[in-house]
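Chemist: Please model the complete structure; the sequences and the hints are all you need to start from.
Protein chains: 2
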Amino acid sequence: MLGNFTYHNPTKLYFGTNALEALGEELMKYGKTVQLIYGGGSIKKSGLYSEILEILLACGKEVVEDGGVMPNPTYERLKVGAKLAKDNAVDLLLAVGGGSVCDYAKAVSVSAYCDDDPWEKYYVRFEEPTCKIIPVGCVLTMSGTGSEMNGGSVITNREEKLKIGHVFGSDVMPKFSILDPELTYTLPERQMVAGIYDIFNHICEQYFSGDDDNVTDYLAEGLMKAVISASREAKKDPRNYEARSNIMWAATWALNTLLNKGKTTDWEVHMLGQAVGAYTDATHGMTLAAVSLPYYRHILPYGLQKFKRFALNVWGVEPKGTDEEIALKGLSAMEDWMKELGLTLNISDLGATPDMIEGIADATRVQEGGYHILTRDEIVKILRESL
Amino acid sequence: MLGNFTYHNPTKLYFGTNALEALGEELMKYGKTVQLIYGGGSIKKSGLYSEILEILLACGKEVVEDGGVMPNPTYERLKVGAKLAKDNAVDLLLAVGGGSVCDYAKAVSVSAYCDDDPWEKYYVRFEEPTCKIIPVGCVLTMSGTGSEMNGGSVITNREEKLKIGHVFGSDVMPKFSILDPELTYTLPERQMVAGIYDIFNHICEQYFSGDDDNVTDYLAEGLMKAVISASREAKKDPRNYEARSNIMWAATWALNTLLNKGKTTDWEVHMLGQAVGAYTDATHGMTLAAVSLPYYRHILPYGLQKFKRFALNVWGVEPKGTDEEIALKGLSAMEDWMKELGLTLNISDLGATPDMIEGIADATRVQEGGYHILTRDEIVKILRESL
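As given, the protein sequences belong to chains A and B, one line each in that order.
Numbering-wise, the working numbering comes out as the position in the first sequence, counting from 1, plus 83.
Numbering-wise, the working numbering comes out as the position in the second sequence, counting from 1, plus 83.
Incorrect hints may have been included.
Under the rule of at most 30 angstroms between Cα atoms (straight-line distance), these lysine-lysine pairs were calculated in the BS3-like manner [said to hold, decoys possible]:
# : chain 1 : residue 1 : chain 2 : residue 2
1 : A       : 112       : A       : 169
2 : B       : 258       : B       : 319
3 : B       : 403       : A       : 403
4 : A       : 215       : B       : 258
For the record, the hints were derived by calculation from the structure and aren't laboratory data.
Modeler: Now the structure itself:
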């Protein structure tokens, strides 16, 4: 049964080749000062940085530089960005990059004028912002996190070895996002496939929960099939526009609040993966890939009918054998596809060592929406199997 | 390939049992005068009218009554509503009913302050509004049209025997819509199944166009499967909340601009159905049902691969035989489902007579996005087969 919910997603998206042409029009809606947020400088190499700076200057903007945001943006870095935004009375935060940069921008938007400690308020107590929120706009250069059309913001606290996400409401969602699939072409293949698995797993996290025959589950299955089909084309030719555009569009819908409407969700793979990430600083999508199969095989008996449905509807497994056999064949088909993409299937390859297991287990939050609530022993077991 | 597009759908939805509780909070965002728009009075019988009036008065609103909007709202009626809105300097148009009432409210919203003739401007020349737009809110009592989360507005010009839809931009979309599936329980079964077919056909109109393997097509297939599954449950027990809530939610996503993003669309079934509606004043969904099979069988050779995919992915037809045999089996499965629901499968039962055919053909607009552009002779042939 669809539970009660509110749906509101006002982000305006410009999608396609030359979508950047819309930036000027959007910029005119905001004040003079723009904080330009980006990562390690790949946008300087690609020429995108100059292109955007030119548009900003042509629109008469004053630019506050905020480059060098790291892949897993830290609380320390957030404090720097929030001070920068407040000191310069910034009117718009323009994030140019992937999910980390967008997530960071959203964190800055609710932290600049926050009287409280933002980490404590948003990432420990999960409170909603009560201060002025600075509007965010995004130019996406990597597909995966869906951050371009949601209120999610994951921040890492290195001191406490914690990587935690807060999903803010529609006030914090980007006002606009520019999605040009060609801007993702410069991404190394490893980042591309990690992003693809992140997308796929976002759908899984929302799909593997609840027993009902809901619209949401059917949409999730359609989206998974689209990701599988497009990923194979993109693996063959990363400059296949059809494949890359479909991956980009699927990424947005995999995590823009539609797929969780009216239903419970799991998110335990993300909790495990984020804990691995806090210890290894590994690429997010790879941490998810490395823990997924041990986790799903562990919970399969508790959500047998859904895993069977997954096998039949997503992977086209023949409906022969016991429910468990069919369900396991679905996970095997998924494993084959993950190997085909070249995903990292164990956490050792990401730098995790046996002596880290207890610490990673401590850092893993236990979710209650999935088919089974993990005990600490089960978390340790799954992590050991992921080594 | 996904073509370039903009996506922006800011309508806020409150979905579920007692969703009406959110009305007060929304009303507080608008000024004092609310034009209360509704249909033939079924909301008075059900008690919904009193409930809403009580909320309006509790919020200190002045209510401008605009009841009695007919199922296919006319241009004549639109002029009355627009004058009412302007004369009373209405701050919010609150539509309580199904798609016709919502469509009418949107037409009033762009017509009240329109200096030009609204019919000519919006429904003949398809121009965008340049005047002040009055905000619209909806309380939905019938599922089908998707009008609660789009900019669509269909108006009938009885004098000219034309029923034409204009799809306005996000400024005209409802600011909020309240979707309580239980409010659809009072609908007679015939209206319920007509609404279900309207939903299904909205998906078909967007699906049966283009050759690509896009995210959109996969989402469309998922949504169609959800509608088929829920419709069977609702037919057995119209008070099955799970079924009715899934139908309501599918209706919204079938036509809230997602399924046409980056692709061409057809809409010829709607053109045929609307022309039949202009002559017979029959229920919209039934007019679509009555012309669909002759139309789809006629265009099948031109879109063979998509009809085959439809058979395999939506109806689970066995992949045996020629492409054409598989594709035709898909349409047979669809026909069986339509009979199961009790849909009207010919236009004679809707009041159309052979002598009307030429006139209906004249009133049928020819679309260019489908697999085949119809000639007038083909339109006549399809209409004759629909008799």
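Chemist: Each of the hints needs a verdict: does it hold here or not?
Modeler: Right, here's what the structure says about each hint:
no., hint, verdict
1, A:112 <-> A:169, "20 angstroms, holds"
2, B:258 <-> B:319, "35 angstroms, violated"
3, B:403 <-> A:403, "19 angstroms, holds"
4, A:215 <-> B:258, "23 angstroms, holds"
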